[in-house]
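Visitor: Chains A and B supply the protein sequences, listed in that same order. If you read the first sequence in UniProt numbering, its first letter stands for residue 1, the second for the next number, and so on. If you read the second sequence in UniProt numbering, its first letter stands for residue 1, the second for the next number, and so on.
In short, the hints are calculated from the structure, not lab data. Hints are not guaranteed to be accurate.
No copy labels: a pair is met if it fits in one copy or bridges any two.
[Said to hold, decoys possible] Using 25 Å as the maximum straight-line C-alpha spacing, the simulated DSS-like pairs for lysine-lysine come out as follows: (1) K291 to K203; (2) K382 to K11; (3) K390 to K203; (4) K11 to K282; (5) K250 to K112; (6) K250 to K290; (7) K382 to K302; (8) K287 to K112; (9) K379 to K302.
As the structure is a prediction and not an experimental result, all values here were calculated from the model.
2 protein chains.
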Amino acid sequence: MPLSANNPDRKSWLHVDKNSDFPIQNIPFGVFLTRDDIITIGTRIGDTAIDLGALHQLGYFEGIPLTDDIFLQDTLNDFIADGRKTWRLVRNRIAEIFDADNTSLKDNVKNKEVVLFRLDEIEMQLPVQIGDYTDFYSSIEHATNVGTMFRDPDNALLPNWLHIPVGYHGRSSSIIPSGIPVHRPQGQTLPAGATEPVFGPSKLVDFELEMAFITTDANDLGEPIPVNEAEEYIFGLVLFNDWSARDIQKWEYIPLGPFLAKNFASSISPWIVTLDALQPFKADNPKPLKKQLPYLQQSAKKNYDINLEVAIQPEKAKETVVTRSNFKHMYWSMSQQLAHHTINGCPVNSGDMMGSGTISGPTPDSYGSMLELSWRGEKPVKMQDGTERKFINDNDTVIMRGYCEKDGTRIGFGEVKTKLLPVFEPKKTK
Amino acid sequence: MPLSANNPDRKSWLHVDKNSDFPIQNIPFGVFLTRDDIITIGTRIGDTAIDLGALHQLGYFEGIPLTDDIFLQDTLNDFIADGRKTWRLVRNRIAEIFDADNTSLKDNVKNKEVVLFRLDEIEMQLPVQIGDYTDFYSSIEHATNVGTMFRDPDNALLPNWLHIPVGYHGRSSSIIPSGIPVHRPQGQTLPAGATEPVFGPSKLVDFELEMAFITTDANDLGEPIPVNEAEEYIFGLVLFNDWSARDIQKWEYIPLGPFLAKNFASSISPWIVTLDALQPFKADNPKPLKKQLPYLQQSAKKNYDINLEVAIQPEKAKETVVTRSNFKHMYWSMSQQLAHHTINGCPVNSGDMMGSGTISGPTPDSYGSMLELSWRGEKPVKMQDGTERKFINDNDTVIMRGYCEKDGTRIGFGEVKTKLLPVFEPKKTK
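Can you build the whole structure from these sequences, using the hints too?
Guide: Structure below.
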C-alpha cells in the first residue's frame with residue numbers, strides 16, 4: 001500500500017510552524033481528554049489536536065473497515081490490533097482530509113468545532129494499556145561506559161553482550177505520560193564500607209534517555225518472529241525516560257536484575273509516532289563486531305536516524321541541555337530485539353512496550369544518563385543558572401526531545417517532561 | 001465482617017467427596033467457558049461448577065452492591081477491584097445458597113439447570129488479565145541450594161538476601177492456565193568450555209514449584225503499602241509453575257536477570273482460592289536471621305500452611321511424585337513482598353500476580369525444582385516406570401497440587417497440569 005501520508009510535498013490547511021514536530025507528514029496517534037471531559041483517540045497537526053472519534057462519527061473514514069467505537073476508547077490497543085493495513089488506510093485518509101486542497105472539513109465550520117482542539121484544551125493520557133513492558137540494553141556505548149565504571153575497563157562488555165540483545169522485564173503499572181510528576185523513591189542502600197543496608201531516600205536519582213516501541217498482536221505462544229518480519233509488528237515509537245535510582249540498584253540487582261531502582265516510574269511522550277512515518281529516516285545497521293547467530297542476522301537499514309536531547313530545568317530557572325544523542329547509535333535494532341524476545345515462543349501483544357535501553361552516543365557530550373555524563377559524580381555537569389548536577393535534584397524537571405529531519409521534512413516526538421518531587425509524605429489522618 | 005463462609009460445620013446440598021479440595025468452605029473464583037460457549041465467572045463446590053453470572057441474573061445476590069455485569073466478564077479484574085468487603089459478602093452469600101438447609105436453589109430445577117455445570121462441560125480460562133507479574137526468590141532453602149551449587153557453599157546466600165525480599169519482573173503474556181501445553185524453548189546457550197554460544201533447544205527444562213498471589217487495586221504512584229496492611233490487598237492464591245530453561249538462563253542472566261529462560265511460559269491453577277478461605281491455616285513467621293528494616297517488620301502469623309507436591313507423568317505411564325514441600329517454609333511472607341514492592345511507590349493494581357519463587361523445604365525430598373532434586377543432574381530422580389529424570393523430557397506432564405488441612409476441613413487448589421511438547425515447528429506454507 002502506498003504511504004501517501006508520507007508525501008513530503010503535501011501542505012495542510014491547518015497552520016504548522018516551520019520547526020513543528022507535527023507537520024501533516026507525521027500524523028501520530030494519542031489519547032486525550034477533551035474540554036468536554038470525554039476521552040478520545042486523536043492525532044495532531046501543528047498545534048491542533050484532532051478528535052478521530054468525532055471525525056469517524058461524522059463519516060470521514062467511510063470505506064475503511066473500522067468498528068463504530070474504534071476511536072471512542074481510552075486506549076489505542078484495539079486500533080493497533082487492527083493491523084498495519086488499517087493504520088495505513090487511516091493515516092492516508094487523515095492526510096487527505098487535512099490536505100490544503102481538500103475543503104470537505106476545512107469549509108465546514110460546524111464539523112470543525114467538534115473535531116479540532118487547541119492543545120491547551122486537552123489533556124494527554126497514556127496512549128495504550130501496556131500489557132508487558134520490556135527494557136533492552138542495546139547501546140554499546142552505554143554498556144561499555146557502565147562496564148568501565150563498575151567492572152573492568154579492559155573487559156567492559158560482558159561475554160554475552162555481543163551475542164544477545166540483552167533485555168529484562170520491567171513494570172507496566174508505573175509507566176506514566178509526560179507531565180505527571182514523580183516522587184524521589186525511598187529504599188535500601190548499602191553505604192560505602194558498610195555491611196548492613198540503611199533505609200532512606202535515594203541520593204542518586206537519574207534519567208535514562210531511551211526510545212520505546214509499541215507492538216501489535218504478533219505471535220502465538222511458542223511461535224518465534226523472524227528478524228526480517230519484525231517491523232511488521234511495530235506500530236510506532238515514543239520517547240522514554242527510564243527513571244533510575246542508582247544507589248538502590250547497586251544493592252538490589254545481584255542476581256536477578258534491577259527492580260525497585262527502576263519500577264517507581266518511567267515517563268513517555270504521549271504521541272506515538274508511527275514506524276510508517278519514520279520510513280524516510282532509516283539508517284544503516286552498525287557492523288556486527290562478532291558474528292551473530294542466524295536468527296539475529298538482519299537485512300540492511302533497520303536503524304533510524306532520530307536526534308535526541310535531554311534538558312534539565314531547575315525550579316524557577318532556565319533549562320540546560322545536558323546531552324545530545326541519536327537513536328541511530330543502537331548496536332541492536334528493534335527488529336533484533338523482537339526476534340530475540342520471541343525466539344523462545346514468548347507471545348507479544350497489542351500495546352506491549354519495549355524500551356531501547358539508554359541511548360549513549362560515542363562522545364562524552366552524547367551520553368544518555370547522568371551516571372555517564374558526570375562519570376558517577378566525578379565530573380559535575382554545569383547548569384546555565386550556575387549550579388551543578390551530578391544526578392537529579394528535587395524539583396528539577398527533566399525534558400527529553402526527539403526529531404528526524406531530512407530534505408526539509410521534520411518528524412518529531414514532542415517531548416517527555418517530568419518533574420522530580422521530594423519523597424512522598426503520607427497524608428496525615430486525624 | 002464475619003467470615004461465615006468459613007464455618008467448618010456447614011455442609012452443602014451439592015455432593016462433595018471426602019477428599020475434595022473444594023468443600024463449601026473453599027468457594028474459590030475462576031472464569032470458564034460453558035457448554036453454551038459463553039464465558040462467565042464462577043465458583044466450584046465439589047465437582048460442580050457454578051455460574052455466578054447466571055446466579056446474579058436470577059437475583060440470588062440481591063442486596064449486595066454489584067453491577068449487573070460484574071460476573072458476565074472474561075476476567076475477575078473488576079470484581080477483584082470491588083474490594084474485600086464485596087468479596088466477603090459474595091462468598092458468604094454463596095455459602096448460604098448452597099447450605100444443606102437452604103432450598104431456594106436446591107429445589108428449583110429450572111434455575112439449577114442454568115447455574116450448575118459438570119466439570120467436563122466447562123473449560124477453565126485464565127482467571128485474571130494480569131497487568132504486571134512479579135516473581136520473588138523468597139525461600140531460603142532454594143536460595144541456599146542455588147548459591148551452594150553455583151557459587152560458594154560457605155557463602156551461599158548473597159549479601160542482600162537476608163535484607164531484601166529479592167524479586168524481579170516477569171512476563172504476563174505467557175502465563176497460561178492448567179491444561180495448555182508448552183513447547184520446549186529454543187535459544188542461545190554456552191556449551192561447557194566454549195567461548196561462543198550455540199543455538200538450539202534447551203536441554204535443561206525445569207519446573208519451579210511456586211504459589212502466586214493476586215492483588216486488588218492497592219496504592220497510587222508514590223505511595224507505599226505498610227507491611228501489616230498488605231493482606232488487605234491480596235485477593236487470593238493459585239499454584240504456579242514457573243517453567244525455566246536452566247542452560248538459557250546461565251548464559252543470559254548476567255547482569256539484568258532471567259529473561260528468555262523464564263518468559264516462554266508459566267502455568268497456573270485456574271481456581272483462585274481466596275486469602276479469606278485460607279485464614280484457618282495461618283502459620284508462624286520464620287525467625288529473622290538478621291534484623292529487618294522497620295518497613296519489613298511484620299506482626300505474627302503471616303505465613304500459610306499449605307501442603308504442596310509435584311508429580312511427573314511420562315507419556316503413557318503413571319505419574320511419580322518427585323517432591324513434597326510446604327508454603328509455610330517461605331522466609332519472606334507475601335506481606336513483606338508487597339511492602340517491599342511498594343516502598344518506592346510502585347503502583348499495584350487489580351489482577352497483578354506475584355510469585356513466591358521456588359518453594360523448597362529443608363530436606364532433599366522437599367526441594368522445589370529438578371535443578372535441586374537432581375542436584376544439577378548429578379543425582380537422577382527415579383520414576384515409577386523405571387526411567388530416570390535429571391530435568392523434564394519432551395512429552396512429560398508436570399502436575400502440581402496443593403491443599404491445607406486442619407480439624408477435618410480441607411481447602412485445596414486443585415492442580416496445575418502442563419505437558420511439555422517438543423520444540424515448535426512452524427507450519428509449512430505452500
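Visitor: Does each hint fit the structure? Answer for all of them.
Guide: Okay, the hints, checked on the actual structure:
1. Taking the closest pair of Cα atoms, K291 and K203 come within 25 Å of each other only across two copies (24 Å); inside a single copy the shortest separation is 41 Å, beyond that limit.
2. For the identical chains of this complex, K382 and K11 are neighbours neither inside a copy (42 Å) nor across copies (75 Å), given an alpha-carbon limit of 25 Å.
3. For the identical chains of this complex, K390 and K203 are intra-copy neighbours only, at 10 Å inside a copy versus 47 Å across copies, given an alpha-carbon limit of 25 Å.
4. Proximity of K11 to K282 under the C-alpha cut-off of 25 Å is restricted to the intra-copy arrangement: shortest distance 23 Å within a copy versus 69 Å between copies.
5. Proximity of K250 to K112 under the C-alpha cut-off of 25 Å is found in neither arrangement, the shortest distances being 54 Å within a copy and 59 Å between copies.
6. Proximity of K250 to K290 under the C-alpha cut-off of 25 Å is restricted to the inter-copy arrangement: shortest distance 20 Å between copies versus 29 Å within a copy.
7. For the homomeric pair K382 and K302, neither the shortest alpha-carbon distance inside one copy (36 Å) nor that between copies (50 Å) is at most 25 Å.
8. Within a single copy, K287 and K112 get their C-alpha atoms no closer than 50 Å, and across copies no closer than 68 Å, so neither meets the 25 Å cut-off.
9. Within a single copy, K379 and K302 get their C-alpha atoms no closer than 35 Å, and across copies no closer than 48 Å, so neither meets the 25 Å cut-off.
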